[in-house]
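Enquirer: Residue strings, one per chain:
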Amino acid sequence: MKIFNKIETIEPFPAIKINSLDLIAIADLHLGYETAAAEQGIFIPKIQYKKTIQNINKILSEKKAKRILINGDIKHEFTETKYHEYKEVDNLLKYLQKRFEEIIIIKGNHDTFISRITKKYDNIKLQDTFHEKDILFIHGHQNIEIKNIDEKIIILGHEHPSIALYTDIGIKEKTKCFLFGKTNSKNVLVMPAFSYFAQGSDINILPKNELLSPILKKININQMRAIGIIENEKHLLFPKIKNMRD
Amino acid sequence: MGITFIKKPWPDEESLSCLDAHVRQWFKSKFKNLTPPQRYSFKLISKNKNVLITAPTGSGKTFSAFMVILSDLFRRSKQNSLMDGVYCVYVSPLRALNNDIYRNLILPLREIRELAGNHICDVRVGIRTGDISPYERQKQLRKPPHILITTPESLAIILNSKRFLEKLKTVRWVIVDEIHELASNKRGVHLSLSLERLREAVGKDFVRIGLGATLHPLKEAAGFLVGYENGKLRSCKVVDVSWFKPFDLKLICPTDDIIYTDADRMNDLMYKELDKIISSHNTTLVFTNTRSGTERVVHHLKNTGIYNEEEIAAHHGSLSRDIRWDVEDKLKKGLLKAVISSTSLELGIDIGYIDMVVQIGSPKSVTRCIQRVGRSGHGLNDTAKGIIIGMDRDDLVECAIMLRCALDHKLDKICVPKNCLDVLIQHIVGMALYKKWRVDEAYQLIKNSYCYHNLKHDVFIQLLHYIAGHYADLEDRNVYGKIWFDEKNKMFGKRGRYTRVIYYLNIGTIPDEVKVDVYTIQPKKYVGSIEEEFLERLRKKDIFVLGGKTYEFKYSRGMRCYVEEQKEETPTIPAWFSELLPLSYELAQEIRKFREKMFQTLKKENKKDDNVDKILSTLPIDHRSKKAIKQYFETQYHYLQKTIVSTKKIIIEETYDLKKRKILVFHTLYGRRVNDTLSRIIAIAIGKKTKSDILTTINDNGFTILLPKNKNIDIKEILREIFSLDIIELLKKNIRKTELMKRRFRHTAARSFLVLRNYKGHKISVRKQQINAQTLLRTCEEINKDFPIIQETYREILEDIMDIENTKKLLKDIKNGKITYKIIKTPIPSPFAHSLIVLGEPDIILMKDRRQRLIELHEALTKKLSQKTKKTVTTQIS
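Heads up: the protein sequence lines correspond to chains X and A, in order. Take the first sequence: its letters are residues 1 to 246, numbered as in our numbering. Take the second sequence: its letters are residues 1001 to 1878, numbered as in our numbering.
The reader is advised that the hints may include incorrect statements.
[As the list claims (entries may be wrong)] To list a few chain A residues with every Cβ distance to chain X over 12 Å, as calculated:
#, residue
1, Q1140
2, T1255
3, Y1353
4, G1379
5, D1476
6, F1599
7, K1825
[As the list claims (entries may be wrong)] Below, simulated BS3-like cross-link-like pairs (lysine-lysine); rule was C-alpha separation at most 30 Å, straight line:
#, chain 1, residue 1, chain 2, residue 2
8, X, K50, A, K1742
9, A, K1733, X, K51
10, X, K208, A, K1691
11, X, K50, A, K1785
12, A, K1028, A, K1008
13, A, K1456, X, K217
14, A, K1733, X, K50
15, A, K1524, X, K217
16, A, K1809, A, K1219
17, X, K87, A, K1768
18, X, K234, A, K1030
19, A, K1219, X, K174
20, A, K1456, A, K1515
21, X, K174, A, K1733
22, A, K1614, A, K1737
23, X, K51, A, K1330
24, A, K1733, X, K208
25, X, K234, A, K1488
26, X, K50, A, K1488
27, X, K240, A, K1554
28, A, K1332, A, K1030
29, A, K1737, X, K234
30, A, K1554, X, K242
31, A, K1737, X, K174
32, A, K1540, X, K234
33, X, K218, A, K1554
34, A, K1524, X, K240
35, X, K50, A, K1494
36, X, K240, A, K1525
37, X, K234, X, K119
38, X, K174, A, K1332
39, A, K1524, X, K174
40, X, K50, A, K1525
If you're looking for bench data, these hints aren't it; they were derived computationally from the structure. Keep in mind it's a predicted model, so treat the numbers as computed, not measured. For every residue, glycine included, the Cβ atom is placed at its ideal position computed from N, Cα and C.
All chains should be modelled from the sequences, with the hints used to inform the complete structure.
Expert: Dropping the structure here:
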């Protein structure tokens, strides 16, 4: 599905491709989630790394690009990188290196101590933002003024957007989604989380002040639209958020 | 060998001759005679037999178990052969009871020692529960009590304390008290494994003594107590003296006209009866079925002005421990005129002076009824007196049959849960902490427990793989594995730095529960809170009452529940649903038989020989109840055009609810757990057919299915379809999306040490446990749909909450034509369906709307009936 003409969603995944930049982008991988949970006494079997690689493989069997961009939160743990987390991130980077000429990693709020791993590789760029040809990638955990941005398209992560849908008898179904629309004469796209564990925040239910991203808190998401991601299905375009509020 | 019932008591002199001279002297100085249980137990215990004794409270049950033990300990003391070790372990599920037993032993220990001469060595008794201080615990290590009083949880912890275990090598007796409270739940399952582990640690068999109130079947309870040895049930002598005390039981109806008395008046009349009873007795214990009911009755009684406010007290689980202890204390001292309780006072501690038990509304099970009434008439020769006040017609029928069954000693069955994998995981981790095990040796030990006797070997092996974390990569196993398991050499043992701590801090089977906050979605507003147990029972589309408003359940997240206000909707689930015990299968069966008898009599009845009255006169009920029940059956009989309801025929009524929506009413008297199961199956089948979600309501007497608009349902076809389906798979798929699954999975995961409640010094909030459990469930399913804890959650829901066995049996009987069904179309629901139609209405004591609706239903129906009669009459004339 096309967004803002230049961006194409890669079905049925939470990923996009931008042909003009020769780039595939994903966001919010949260590798090492299980280890962090185990540290707190919740023993969730490890599954995410495998799922991540599987999905990237599937994406690559359909789309090719010279570059890949990870729009923040490649890993989960805030504090010092644990051995397992280190290993998972390192393995992923090794894997990506073989398949892309360039890897761009945008720093998210979880990506502390990440340079220890990235500096081992010379084709990995670790930076706070990435902009090229009127497109800006930024994770979105920090407050910025949209109107001060030069680029026309802003692509965010961080929020893990999802929409909640009710069947006619009130069962809630939840699906991860892209959120996009125009605000302050800019085109904004919020990417869904790539992480297996991220359930997402129900943007059509949560009041504004309960959204995660300080950027989203300030804009009117009611006028934006969502593209739902359902496993093994085509992406689904939903109406404006304000029409899905009840 | 095996389980034998002992019917003949020994003469008092012979029993007393078992005791040491000073112990006997003390006993004789305190008691004139032996009580019935003692006439059996002294001999049996002194012959080192395992015994199960069931007897009512106040029958000297405690001493029946302890006297011979005290005698033996004093003998040893006199011979200077009493070692510093534990000789007797006493386990009960209640700390309050533990304290009571402790106090009751201290005195005889002191007095007997005085008789024997203070030069002999002290016989000590001590308590070990979560309450005692580390200092106490240390002291117990240095000077262990000869009699150790503990709880199932503390016992499991002791079993992993190497140093204390040394002191347990001397154990000769284990007493399990309140066995009726343990045998049918996971706490008991946990204890049964602990006993086998204790047996292994002691190195030789000890005498097992089970004490309990009335329960059935005793064989099952005895098996639970003793377990197996070398594949054979250990022998056990069963002494059943539950019935020596006479019971005086009566059902009363507070009004002459149970249908047309409005709610306020009904309450007034009920209180009037209650006042009458309370003022003519010393101390009355009143049971209501819900906590809110308890509070309202207390409020009323305190405001009547008849009693001193201090003489009336409430006692239920939501009150703080201090308040409860205070009430118990006052009870013992005889300071109370009435105490009102929901369930908390039905077992345990000795509560002294009660001479009357009143139950408002049905207690739902014969056993429970007897247990409650058995709290009265404390003296050995006193009569246990109980009155049930019936509040509606179903109540009256149910209670009338219940009391008849009680007088006939027909009890509901207990069901011992089998092969619970979560409890087993806990023990395997505990066992591994203790030593290295050969797989077969451990398997044998576990199979000695009655609850795991049929555990399959491959299931056990699979479980070991799982506890060892073999689903994870090699390098992650020290995180996920709680044991190491070497399949080739068939050995397992402990693993992980934190495992011991995890075990200590997370042991036990009772889940953490907190209130769930209820919010409306738009606008997001807090509207109140509900018990998690209630949330658990909410199904899609359910309407319930909270703070006087009706809400539709939408979804939950963590410990929050989201709803939408639905004005003018009829509630589909009563607020007390999770508190009220389900009607048992056995009692339902008796009511079914009664219905059949009544209808057949009505068919045969001629005016001269009033047979219905004859049937009713065999029941312990008052005149008003008789009248109400008779009228109830007559209206039903005539309304359904003399259709005979029988034990072999189910009536399915196609009718309309209060909103004129078409519904099916299944008059299935097979216990609420069967109704729960069956209603789901039928709703799923109809839902599939009509491609819509089906709303159901259930109660003890049947269930309703709300039919989708403009869709025709052929119930025959639906049933045929169900016969061809794997109903367990069908139910699992349906359960998967429910709150019940989400919540119960958390409990199972916590018991299996996968979602910890307490870790590295932090308590983990229930909310966090819940959210994480849901993630865990998704992940486990992804790895293997039959992950042991997923299996266990389904087992718990299907077997312990629902009743899959009896449902399967019923469906099979319908399929074979052993049980038939008849579909009857009615314009207005028949009387037997009324309570189902108004089911969701909030409360049994404050039930204005519910009564109003019942009255409306009845009025409409009477009109219909009289029209019909007129028509018949007219036809006859012409």
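Enquirer: All hints are to be evaluated individually against the structure, with a verdict given for each.
Expert: Hint check results:
1. Q1140: Nearest chain X Cβ is 30 Å from Q1140/A, so the label holds.
2. T1255: About 40 Å separates T1255/A from the closest Cβ of chain X, which puts it past 12 Å; holds.
3. Y1353: It holds; Y1353/A is separated from chain X by about 48 Å at its closest Cβ, greater than 12 Å.
4. G1379: The assertion about G1379/A holds, with a minimum of 52 Å to chain X.
5. D1476: Answer for D1476/A: violated, closest chain X Cβ roughly 6 Å.
6. F1599: For F1599/A, whose nearest Cβ neighbour in chain X is about 38 Å away, the distance exceeds 12 Å, so it holds.
7. K1825: Holds, because the least Cβ-Cβ distance between K1825/A and chain X comes to about 26 Å, which exceeds 12 Å.
8. K50/X to K1742/A: Roughly 26 Å separates the two Cα atoms, so the pair holds.
9. K1733/A to K51/X: Cα-Cα ~24 Å, so holds.
10. K208/X to K1691/A: violated (36 Å)
11. K50/X to K1785/A: holds (18 Å)
12. K1028/A to K1008/A: Holds, at roughly 22 Å.
13. K1456/A to K217/X: violated (57 Å)
14. K1733/A to K50/X: With a Cα-Cα distance of about 27 Å, the restraint between K1733/A and K50/X holds, given a limit of 30 Å.
15. K1524/A to K217/X: The given pair, whose Cα atoms are some 18 Å apart, holds under the 30 Å limit.
16. K1809/A to K1219/A: holds (23 Å)
17. K87/X to K1768/A: holds (27 Å)
18. K234/X to K1030/A: Distance ~85 Å between K234/X and K1030/A Cα, so the pair is violated.
19. K1219/A to K174/X: violated (51 Å)
20. K1456/A to K1515/A: Distance of about 38 Å is beyond 30 Å: violated.
21. K174/X to K1733/A: holds (18 Å)
22. K1614/A to K1737/A: Distance of about 51 Å is beyond 30 Å: violated.
23. K51/X to K1330/A: violated (63 Å)
24. K1733/A to K208/X: violated (36 Å)
25. K234/X to K1488/A: Roughly 48 Å between the alpha carbons, so the hint for K234/X and K1488/A is violated.
26. K50/X to K1488/A: Roughly 29 Å between the alpha carbons, so the hint for K50/X and K1488/A holds.
27. K240/X to K1554/A: The given pair, whose Cα atoms are some 22 Å apart, holds under the 30 Å limit.
28. K1332/A to K1030/A: Status holds; Cα separation ~19 Å.
29. K1737/A to K234/X: holds (24 Å)
30. K1554/A to K242/X: Roughly 20 Å between the alpha carbons, so the hint for K1554/A and K242/X holds.
31. K1737/A to K174/X: holds (13 Å)
32. K1540/A to K234/X: The given pair, whose Cα atoms are some 28 Å apart, holds under the 30 Å limit.
33. K218/X to K1554/A: holds (29 Å)
34. K1524/A to K240/X: Holds. K1524/A to K240/X sits at ~21 Å (cutoff 30 Å).
35. K50/X to K1494/A: Holds - the C-alpha atoms of K1494/A and K50/X are around 29 Å apart, at most 30 Å.
36. K240/X to K1525/A: Given pair K240/X, K1525/A holds - Cα atoms ~24 Å apart, limit 30 Å.
37. K234/X to K119/X: Given that 30 Å is the threshold and the Cα spacing comes to 38 Å, the pair is violated.
38. K174/X to K1332/A: Given pair K174/X, K1332/A is violated - Cα atoms ~57 Å apart, limit 30 Å.
39. K1524/A to K174/X: holds (19 Å)
40. K50/X to K1525/A: Not OK: K50/X and K1525/A at ~41 Å, beyond 30 Å, violated.
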